[in-house]
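**Student:** One-letter residues, chain by chain:
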Amino acid sequence: MTTSNVKIAVSLLLAWLVPGLGHLRYGRRGKAILYFVLLSLAFVFGLWLGEWRDVHAEKFPLYLLAQIWLGGPTLLALLTTADLRITHDIAQLDAGLLFTSVAGLLNVVVLVDLYEIHLKIRQGEGTAAEATS
Amino acid sequence: MIAHAVLFGLISWIASVVYHALRNDDVTRAVVAGTKRFASFYLLALVLSVGVFFFTRWL
Chain A
12 MTTSNVKIAV SLLLAWLVPG LGHLRYGRRG KAILYFVLLS LAFVFGLWLG
62 EWRDVHAEKF PLYLLAQIWL GGPTLLALLT TADLRITHDI AQLDAGLLFT
112 SVAGLLNVVV LVDLYEIHLK IRQGEGTAAE ATS
Chain B
3 MIAHAVLFGL ISWIASVVYH ALRNDDVTRA VVAGTKRFAS FYLLALVLSV
53 GVFFFTRWL
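Line by line, the protein sequences give chains A and B.
Under the numbering used here, the final residue of the first sequence carries the number 144; numbering is consecutive throughout.
Under the numbering used here, the final residue of the second sequence carries the number 61; numbering is consecutive throughout.
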């Protein structure tokens, strides 16, 4: 495995854990901050709307499939809110599920963007190497 | 209903800005373009919703 491949693998893992962290490793500071703020805001706001009960493996397994793409926050929510029970009607539960799921799915797009940046850099290095040889 | 309209608007704006950030390395431009695109679609959806509302009442 080359250094470049290790770098993108680690970056993708970091971006899965914390949105924007992968972009930060590739020097895209502006994008990193934008992705971190927007996706974290959407996820935490969604949790708040669902009264911290909308990330649950048994109650909402299908939504978890979308939420899990935002790995760090979802794992943290699973660990810290698993014991909370739904004892009353949560007015904005649907909206909360929507926000957390969309945040997770948008992180897939962010991961793809990160991979594209990696490919562009690698292509640029290849072209530069050809020009010098 | 208004709360839902605001919430769906917010998540649509977030998605629109993220989408434009993919194609634009300049973050400020991405936010402006995303907001413009979101505003035009949201306005269209608002006009259509109000139109359908009054049309069904007229029926």
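Just so you know, the hints here were simulated from the structure itself, not pulled from any lab data.
Keep in mind that the hints are not guaranteed to be accurate.
With beta-carbon atoms standing in for the labels, derived distance ranges [claimed, not checked]:
1. 142/A x 25/B: 20 to 30 Å
2. 87/A x 61/B: 29 to 39 Å
3. 51/B x 132/A: 38 to 48 Å
4. 89/A x 7/B: 26 to 36 Å
Backbone N, C-alpha and C define an ideal beta-carbon position, used for all residues, glycine too.
**Student:** Taking 38 to 48 Å as the stated bounds, is the beta-carbon spacing between residue 51/B and residue 132/A within them?
**Tutor:** With a Cβ separation near 45 Å, residue 51/B and residue 132/A satisfy 38 to 48 Å, so the hint holds.
**Student:** Taking the Cβ atom of residue 142/A and the Cβ atom of residue 25/B, is their distance within the range 20 to 30 Å?
**Tutor:** holds, 27 Å
**Student:** Does the hinted range 26 to 36 Å hold for residue 89/A and residue 7/B at CB?
**Tutor:** The hinted range 26 to 36 Å holds for residue 89/A and residue 7/B, with Cβ atoms some 31 Å apart.
**Student:** Go ahead and decide if the range 29 to 39 Å is satisfied by the Cβ distance of residue 87/A to residue 61/B.
**Tutor:** About 50 Å separates the Cβ atoms of residue 87/A and residue 61/B, which means 29 to 39 Å is violated.
This entry does not satisfy hint 2, going by the numbered hints stated previously; all others are met.
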